[in-house]
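Enquirer: Line by line, the protein sequences are chains A and B.
The letter at position 72 of the first sequence is residue 53 when you use this note's numbering, and the numbering goes up by one with no holes.
Just add 159 to the spot in the second sequence (first one is 1) and you have this note's numbering.
Think of the hints as simulated: they come from the structure by calculation, not from any bench.
One should not assume that every hint holds.
[Claimed, not checked] For lysine-lysine, the following BS3-like pairs were computed, each having C-alpha atoms within a straight-line distance of at most 27 Å:
1. A:Lys(-8) <-> A:Lys38
2. A:Lys(-8) <-> B:Lys201
3. B:Lys201 <-> A:Lys38
4. A:Lys52 <-> A:Lys(-5)
5. A:Lys(-5) <-> B:Lys201
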Amino acid sequence: DTGVSQDPRHKITKRGQNVTFRCDPISEHNRLYWYRQTLGQGPEFLTYFQNEAQLEKSRLLSDRFSAERPKGSFSTLEIQRTEQGDSAMYLCASSFVIGVPRITNEQFFGPGTRLTVL
Amino acid sequence: KQEVTQIPAALSVPEGENLVLNCSFTDSAIYNLQWFRQDPGKGLTSLLLIQSSQREQTSGRLNASLDKSSGRSTLYIAASQPGDSATYLCAVGDDQGAQKLVFGQGTRLTINP
């Protein structure tokens, strides 16, 4: 399977614990995005990487959240001191963008990690 | 700030009908627009992508249109089937560096056999 993969698919944790999610993008894609989706809502942008550089972070990404993409390959999203309000589906997407001309930047999504904070 | 609205929130139709899902957005400075399908508890499957310079895209029984000036897109599904039952999400890509997607809340579609 050459699509976007995420691990784990489900995570249940107790309030105050730290959790880490992993995303493996489509191999030739240079952009990687993280989104968060709560029940009944559309996904909301959290952050994105161009290769290994994290170029933008949403105000939703509090200082308890940190994301990395070492060597421009897979990415991890860590949440420290989890709160019940962090319960959501965390979605990763990847795309391929070149400078000139800019192509479509179609984003392909993984299956998501569903986080439940008790 | 870009806002995306999808109407209706839910739609139930009998099998075989043609149907239209609507999406509107407040800022016409978009890079592209994508329609996605989401099955319960699953990730998003990309259905169609329309670049800002395009007016429509077609894939099989699906046709999506884009009118940037009026801030509207429609997804037309022909000859609906029970397997089309899912939530359909519209997302616009912003015209700045990230081209991050701003999503609507989705339309939950049920096709009755």
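Enquirer: Hint by hint, note whether the structure agrees.
Expert: Here is what the structure says about each hint:
no.	hint	verdict
1	A:Lys(-8) <-> A:Lys38	holds, 23 Å
2	A:Lys(-8) <-> B:Lys201	holds, 15 Å
3	B:Lys201 <-> A:Lys38	holds, 25 Å
4	A:Lys52 <-> A:Lys(-5)	violated, 32 Å
5	A:Lys(-5) <-> B:Lys201	holds, 23 Å
Hint check: a violation occurs at hint 4 only; the rest are consistent with the structure.
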